[in-house]
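Please put together the full structure from these sequences, using the hints given.
Protein sequences appear in the order of chains L and F.
My numbering puts the first sequence at residues 1 to 117.
My numbering puts the second sequence at residues 1 to 113.
No wet-lab data here; the hints were simulated from the structure.
It is possible that part of the hints are untrue.
[Unchecked claim] Within a straight-line C-alpha distance of at most 20 Å, the following computed SDA-like cross-link-like pairs (lysine to any residue) qualify:
(1) F:K69 to F:R22
(2) L:K40 to F:Y39
(3) L:K71 to L:Y10
(4) L:K9 to F:P40
(5) L:K44 to F:V37
(6) L:K19 to L:K36
(7) L:K41 to F:Y25
(8) L:K9 to L:P66
(9) L:K44 to F:M100
(10) L:K41 to L:A87
(11) L:K36 to F:S3
(12) L:K36 to F:L46
(13) F:K49 to F:G62
(14) L:K40 to F:Q42
(15) F:K49 to F:S59
(16) L:K36 to F:G105
(17) L:K41 to L:E58
[To be verified] Label pairs and their computed distance ranges (CB to CB):
(18) F:R77 to L:G16: 45 to 53 Å
(19) F:P113 to L:N51: 29 to 37 Å
(20) L:G16 to F:S54: 48 to 56 Å
The structure presented is a predicted model; accordingly, all values stated were derived computationally and were not measured.
For every residue, glycine included, the Cβ atom is placed at its ideal position computed from N, Cα and C.
What follows is the residue order along each chain.
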Amino acid sequence: DTAVSQTPKYLVTQMGNDKSIKCEQNLGHDTMYWYKQDSKKFLKIMFSYNNKELIINETVPNRFSPKSPDKAHLNLHINSLELGDSAVYFCASSQGGAGGGNTGELFFGEGSRLTVL
Amino acid sequence: AQSVTQLDSQVPVFEEAPVELRCNYSSSVSVYLFWYVQYPNQGLQLLLKYLSGSTLVESINGFEAEFNKSQTSFHLRKPSVHISDTAEYFCAVSDEAGNMLTFGGGTRLMVKP
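In structure tokens form, the structure reads like this:
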């Protein structure tokens, strides 16, 4: 029973298209995140939601729009895809706090590899 | 603001040899420190963490890390590595309120037979 699950795992699309990645966690955590991992494995936080409210919004283009219908779900919609959006996108969750609260532990999904052609 | 530097992007090592993966951080406040591991085509998993107390922390699979406040370091060590330890290792830091986990650039550990 997967704790943090993302779909799709792989996504190949053309420049200019719009796509979404979905994330669900069954851990009962309050906080969820989207991270972007580039081709050099560098991990950068994009967004963080706590109980459906946006609490971290790093310098990410407006083409990226997160949506949290409830605290167990955090979806990522990307408009007008560009070549530079190609990356692996990781969803994560934690119990409390924007960095994991007083336990500090984030639980990651397996990633969604986006390739923009 | 916090930052994390992992000095080595790749560390090749032979099986059963010891290894050290280096991590230095900078922060103006007290911090929590973590090592995460990413096996190929998988998400990150917590390997070990320092929150408070003993500065030497251990994982269940033989890794250990020591928090050194004066040197602002949290190096990861294992006395004898296995092929199965081949993975990307990420050092991370958050402030003591648990806000904003910041990752280093990662170190690829490559264990050769």
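Outcome of the hint check:
1. F:K69 to F:R22: holds, 14 Å
2. L:K40 to F:Y39: holds, 15 Å
3. L:K71 to L:Y10: Between L:K71 and L:Y10 the Cα gap is close to 24 Å, so the pair fails against 20 Å, i.e. violated.
4. L:K9 to F:P40: holds, 14 Å
5. L:K44 to F:V37: This hinted pair holds, its Cα atoms lying about 16 Å apart.
6. L:K19 to L:K36: holds, 15 Å
7. L:K41 to F:Y25: holds, 18 Å
8. L:K9 to L:P66: Given that 20 Å is the threshold and the Cα spacing comes to 18 Å, the pair holds.
9. L:K44 to F:M100: Holds, at roughly 11 Å.
10. L:K41 to L:A87: holds, 9 Å
11. L:K36 to F:S3: holds, 17 Å
12. L:K36 to F:L46: holds, 18 Å
13. F:K49 to F:G62: Between F:K49 and F:G62 the Cα gap is close to 14 Å, so the pair holds against 20 Å.
14. L:K40 to F:Q42: Within the cut-off at roughly 15 Å; holds.
15. F:K49 to F:S59: Holds, at roughly 9 Å.
16. L:K36 to F:G105: holds, 13 Å
17. L:K41 to L:E58: Since the Cα atoms of L:K41 and L:E58 sit roughly 18 Å apart, the hinted pair holds (cutoff 20 Å).
18. F:R77 to L:G16: 45 to 53 Å: holds, 48 Å
19. F:P113 to L:N51: 29 to 37 Å: violated, 49 Å
20. L:G16 to F:S54: 48 to 56 Å: holds, 54 Å
Checked against the numbered hints above, the structure violates hints 3, 19; every other hint is satisfied.
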